[in-house]
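*Asks:* Using the sequences plus the hints, can you model the full thing?
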Amino acid sequence: MADSPATESSVAAGPHALRWRPFHLTAALRRRILRALIVVVIFVAFVGGLTAAFGISILQYTLYGFRTSAIVIVAAIGLTLIYGIRGFANFAYGDLMTLGAYVALFVNVNAQLSIIWGAITSFFVLVLVGIVLEILIFSRLEGRGPVAPIVASVGVGLIIQNGIYVVAEAQPRLFSVSLGQEVQIVPGLGISWLRDGVILGVGLGFMLVIHTLLTYTNLGKAMRATADNLELAKATGIDTKRVTYATWALSCGFASIAGVLLGIISDVQPLRGVTSLLLIFAAVIVGGIGSAYGAMLGGLVVGLSQEMVVPLLVWLGRPDVLGIPHADAYNVAVPFLILILVLLFRPSGIAGRQAAIVPRGVLAGAIAKARAARRTRLAAIDAGRKSG
Amino acid sequence: MAIDTGILTNVALFASFSIVYAVLAIGFNLQWGYTGLFNAGIAGFFLIGAYTAAIITTPPDPPTVLGGVVIVPGHWGGLSWPFVVGASFAMIFSGLAAALIAIPTLRLRADYLAIATLAFAEIIRRVTINFDTFTGGTNGITRIPRLITYEPPDPFAGGMVLLGVGALVLLAVFLLLHFTLESPWGRVLRAIREDEVATMALGKNTLLSKIQAFALGGAIMGLAGALFIETKSYLDPQDFAPALATFPIWVMVIVGGAANNRGVIIGAFLIYGMEYVSVLLKDYVASNAIYYVRLMIIGALLIILIIYRPQGLLPERRRVLK
Amino acid sequence: MAILEVQAVEKSFGGIRAVDRCSLSVEPQSITGLIGPNGAGKSTLFNLIAGLYRPDGGEIWFADRRIDGLPPYAIVQLGLTKTWQIPHELKKLTVLENLVLAAKGHHGDHFVNLFLHPFLVREDEKRLRKQAQSILALTQLEALAHDEAASLSGGQKKLLELARALMTDPAIVLLDEPVAGVNPTLASGLMDLIEQLRKQGRTFFLIEHDMNVVMKRCDTVIVMHQGRKIAEGPPETVRKDPVVIDSYLGG
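One line per chain: the protein sequences are A, B and C, in this order.
With the first letter of the first sequence counted as 1, position 113 gets the number 113 in the working numbering; the numbers rise by one all the way through.
Just add 388 to the spot in the second sequence (first one is 1) and you have the working numbering.
Just add 710 to the spot in the third sequence (first one is 1) and you have the working numbering.
In short, the hints are calculated from the structure, not lab data.
This structure is a prediction, so every number in the text was calculated from the model and none was measured.
It cannot be assumed that every hint is accurate.
[Unchecked claim] One side of the interface only, derived from the structure: several residues of chain B facing chain C at Cβ under 7 Å:
| no. | residue |
| --- | --- |
| 1 | L496 |
| 2 | A498 |
| 3 | D583 |
| 4 | N593 |
Where is the CB? At the ideal position from N, CA and C, for every residue including glycine.
*Replies:* So, in structure tokens, the structure goes:
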């Protein structure tokens, strides 16, 4: 994410927004793949060791962990994109996910079409919703600081959530889709090949989509530039308004997909999305705000930790250990604890850029802004010189 | 004659609930309007105060066990101490929780603080529901003793007593804040809100002052919790969902005007009035939809106010140094 | 024994080295000037000394105590105060409130004292208001005591900066362009005041671009360029130093 996209004048959004750049297997790329493989090997060894020590349930929860991670990653990518560009935490995101699930439900159950059509319809409906939200509400809050859009997003969330209550039943509903039964590979390790495969596959698929978009298309480069420095992006001719709309569209679209996936593994009810909101925030912050790759890592960390900690909690909850009632239900606290630790010790997250601490950082932030403004002016002068 | 006291009792109950939310909103106003700390976890401090007061003031309530299985978890405590003690401990524990939360999080920028406090409130609510042998879980806590017990039960007199106590508490909180905000300490807070870096450069430990303000705000929210259990007479963890105990408070403070306690009290009565009207209407409309529509209106208010009139309906009152 | 010592201090922002192993010292009871072309790192150095930034390297010593890494409020408590180049007046507070706020050791600053020692708080407030009034008189702002700070003119805001700094009872004051944008009569009066206060035992370290002020008023002048000290000495010597002249022309 370190390359500056501002030098190429072809970055301006327009009919050629999705032009492709060539793909090279460079030495740097080879090194990164090698490092990723090493991490995978270590992880497999780690899980293997845990399984030997604690039993087969570890593997089961590892599988649940990957499944949860897939959904969280898709959601977190959507959330982090809009966080990076508009600079605020979208507290309506959980409700947008729920809305996505309900639209798909309507298409799937009421209109009796396949769930695929449900997902596609849901995606486009949410894309529209995102753009409308930007036009009606969030464009008017530009430059008002981080709190105003949070308050507005809470309002949006309340409207969506309670609107769903008014229009649809409060009862949990299920998608009408048959994704196979859970099959026991080994006693204690069950997997529903089609259902879990679909979830993991869709998750991976969308990760690839966003990676391709961000790295190889002009729109993606424009998005990264705008998230990095709005003024500089404007000065180099990027249509930041279009980029913002595109980001809202993507963000809400991803929300709808995450909502549908969530509905597939559990159910569709008005509060389903909201209960995941903090989990997704945790993934975004752990990964670093504004970084889609950070969101992937953060989602993995958060999803795996939430599920894999359950056997440990069950053991702790036993009467002969700590005797806590419903110990397994505390697993939702684990991502929260990770979030607090990250906020305390590394607020910028794994891949993030912005400083999160205020008092001494305030001056540094002001200086950084002044220097960025100076860079913008110089860049504009340069651009003027080149064209003039 | 009986009808009149009935209506009066009803109105008194409305006023008592409004007072609870007004106190809650004043606590938030101290944190946000006067010190600039955006607390998205108001519900959490409200909850701590309510449960502390309930555990202290209710009679013992051991679990109901049938054949070795716990059917009704009961709850911990049950010390049957008087309300004043319960309210005092409510303030202490909420204030302490606020201080503990504040120490690691107040240096974070505003949106991180919002996320952290929201997370705190949600976790504390889920822990409360989970730890049911301690807190009664989803059953909540019942049999909360009234402030004065009348034999035979007299709802009108009881309602009046509750209203009187509530009004006294509201007045006390209002005066307390007025006093502290005019004080030198309050001046430091105003300076922090104005320009924190300049205040630091003048030798003030702004982090400490902010922690103190946040803790005081939390303590006031705890007091609101204690009042709440008396007004409602039973405790249900669902009442502490963010949509009921955090977001409406934001609306009350934005409506009334940040840093304007008088306006905030008016805002509380207005917004709670909406809830009260919706509960009344529900009997006539015979549908749950009214409950949800009310929350949608709150959502719409949040959006409209923050875009068009974030300074509130009543402006901050100017201060004159005498 | 220098009252302020900067030893090999470094500070970078992103890739830019604002302060590059800068070392200098300020003698007690002096009026020392800090000059240099734009971007030399003077204001950054002041912010480092005052604790608003943390140095990436080096040490800062104030009267036998190491102060780099301390939070700003602690440094003020020790007796070092900095003013702002662009006045940071607290707009909605009155001029008097701005000053009383700056006082050290007000019992009313601590929340618990409001309840445990209310009379002490009241006494402190009375005493410090009187003290503030006298400092306002010194800086000729007493007529504006009850006006909102936002309503002051630019020059008056500069005076307010100095008045606030004095209220903290500092041993050394770092002044960032104290007379920039101030009319010459007022500027002269301000510098006279500084001279007066110096005689009472305070030290003044000031950044200035107005060469008349520097030449006439400073005992010593330190020159910074590209983040480090390039010259030091009495004003006349520094003025003729070819290295210094070069830095201003080269930029």
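*Asks:* If a hint holds in the structure, say so; if it does not, say that too.
*Replies:* Here is what the structure says about each hint:
| no. | hint | verdict |
| --- | --- | --- |
| 1 | L496 | 17 Å, violated |
| 2 | A498 | 20 Å, violated |
| 3 | D583 | 6 Å, holds |
| 4 | N593 | 5 Å, holds |
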